[in-house]
Structures are given as structure tokens and as C-alpha cells.
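Engineer: Assemble the complex: chain A is given as a structure, and chain B must be docked to it using the hints.
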Amino acid sequence: AQKVTQAQTEISVVEKEDVTLDCVYETRDTTYYLFWYKQPPSGELVFLIRRNSFDEQNEISGRYSWNFQKSTSSFNFTITASQVVDSAVYFCALSEEGNNRLAFGKGNQVVVIP
Amino acid sequence: DTGVSQDPRHKITKRGQNVTFRCDPISEHNRLYWYRQTLGQGPEFLTYFQNEAQLEKSRLLSDRFSAERPKGSFSTLEIQRTEQGDSAMYLCASSLTDRGIYEQYFGPGTRLTVT
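Protein chains in written order, with the numbering used here: chain A, 5 to 118; chain B, -8 to 106.
Just chain A, with the same shape it has in the complex (with noise of 0.2 Å):
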């Protein structure tokens, strides 16, 4: 069974800290495939990064980067410089090869203050 675990509720940041989210992932299959999703207040889910179990390059794309690393089943993600806008709940989802069901932690609750 597929499941992801972010163990850290709320996290409090002043503007232009770094803020890294921890995801720990359970899977029995080979292939599977990593997401991070934003949440803003508004209440919709935002789309932000995708890696699959066969690639563990880790990557930077502006202000975001992820760790992924197998051994340790991880999925860290790490907001850079963080900004007032990147207040919101981040979610960390798991998809396996043949299971289209996302299942998603429970959700970071990130606050930056100005």
C-alpha cells in the first residue's frame, strides 16, 4: 500500500529564510512517481514538481529544489529565500506505476513573516 508521511505540521519562516519540507514515502513498487502540490489560502491545489523513481537527479528550478533519495525512501523540498506569496499548505503525493490514485500526506502548513 502506498503512503507519505510529513511529519512536521507548521512551519514558521521569516521572509527570505530557507524552508525545507520533509516527505517520507511507502511503496512496494519499483516504479513510482513523486509530486509536490502548493495550496494557497484560496483553497486550490497547485501543481509544482514531478520526479520519477527511475531518475534521482535532484533538481533546482528557480527558487525550488527537491532531494530525492531512494535509500532513505525521502522527497525533501526546499523553498529558497522564501516569500510572503509562499505561505500555504504544501502537499507531498505518491503514485504508483498501475495505481493512479495520488495519495498525499497530511500537509505543511509553511507561514512566512515579512
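Hints are computed from structural coordinates only; laboratory data are not their basis.
Check the hints yourself; a few may be wrong.
[To be verified] Listed next, the stretches of chain B that the computed footprint assigns to chain A, with coverage defined by at least 3 CB atoms under 8 Å from CB atoms of chain A:
(1) 5 to 15
(2) 63 to 74
(3) 94 to 104
[What the hints assert, rightly or not] Below, computed lysine-lysine pairings styled on DSS-like, alpha-carbon distance capped at 27 Å:
(4) B:K48 - A:K42
(5) A:K74 - A:K42
(6) B:K2 - A:K42
(7) A:K7 - A:K42
(8) A:K7 - B:K2
(9) A:K110 - B:K2
(10) B:K48 - B:K2
(11) B:K62 - A:K110
(12) A:K110 - A:K7
[What the hints assert, rightly or not] Counterexamples of contact, computed for chain A against chain B with all Cβ distances above 12 Å:
(13) S16
(14) D22
(15) D26
(16) E48
(17) Y68
(18) N71
(19) V89
(20) V93
(21) S99
(22) N104
No residue lacks a Cβ here, since even glycine has one placed at the ideal position from N, Cα and C.
Structural biologist: Just chain B now, with coordinates in the frame of chain A:
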């Protein structure tokens, strides 16, 4: 590019009434998903369609819930004899899946309050 739209955005109903929600996916997307999100939780999968075929249903989808996608375009989710426990945000998402798994794009949701 028009995103996923949902209607209504908010619905307040009395316990025991039936409600129906509509979702219009991104036009070229062949897959459509329904999720439910309660306060402080991540979305939970309910069901999904590939074109007009409903291919998977969660245990969360009791027999009071029914979903359709009659022409492979828009979808409806109906809840019969609503209960207070049905109060939640109902999210629709769509994706284009040719090979592999593609990211799902979500609509703004329908917030249901059962009084």
C-alpha cells in the same frame, strides 16, 4: 489554456438532501479524478475515469455516492441522503495519460456543508 472548473464552489444543504457537483476537466485530458479533503488533511482519492469508463472506486465511496462521466468530458458526483460527515471539500482533477503517469491538475473544489 482553461483549467479544471467545478460548480458550484460552495453548497450548503440539510441532512438527508441530495446534492450534485459538476467538474469540467482540461479539454484534452482523458482522465478525471475525484478526491475529498477534510480540514487539516490531505486529499483522499474517491474515484477516477478514463474517458467515460469508471475504472476505480475507493472504499470511501459508499453506495450513497455515484459518479458519472457520460461522454468522456465533464463529470458529475452525486451524494444521496447527505450526512454531516459528508461535509468536506470535493476536488476534481484531470490528467493526460498516454504512457506513464502524468501530473494531475486540480480544480478549485466544491465546499459542501451539511447542516
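Engineer: Each hint should be assessed against the structure and marked as holding or not.
Structural biologist: Hints and how they fare:
| no. | hint | result |
| --- | --- | --- |
| 1 | 5 to 15 | violated (count 0) |
| 2 | 63 to 74 | violated (count 0) |
| 3 | 94 to 104 | holds (count 8) |
| 4 | B:K48 - A:K42 | holds, 25 Å |
| 5 | A:K74 - A:K42 | holds, 23 Å |
| 6 | B:K2 - A:K42 | holds, 24 Å |
| 7 | A:K7 - A:K42 | holds, 19 Å |
| 8 | A:K7 - B:K2 | violated, 31 Å |
| 9 | A:K110 - B:K2 | holds, 25 Å |
| 10 | B:K48 - B:K2 | holds, 24 Å |
| 11 | B:K62 - A:K110 | violated, 34 Å |
| 12 | A:K110 - A:K7 | holds, 11 Å |
| 13 | S16 | holds, 17 Å |
| 14 | D22 | holds, 24 Å |
| 15 | D26 | holds, 15 Å |
| 16 | E48 | violated, 5 Å |
| 17 | Y68 | holds, 15 Å |
| 18 | N71 | holds, 19 Å |
| 19 | V89 | holds, 18 Å |
| 20 | V93 | violated, 9 Å |
| 21 | S99 | violated, 5 Å |
| 22 | N104 | violated, 6 Å |
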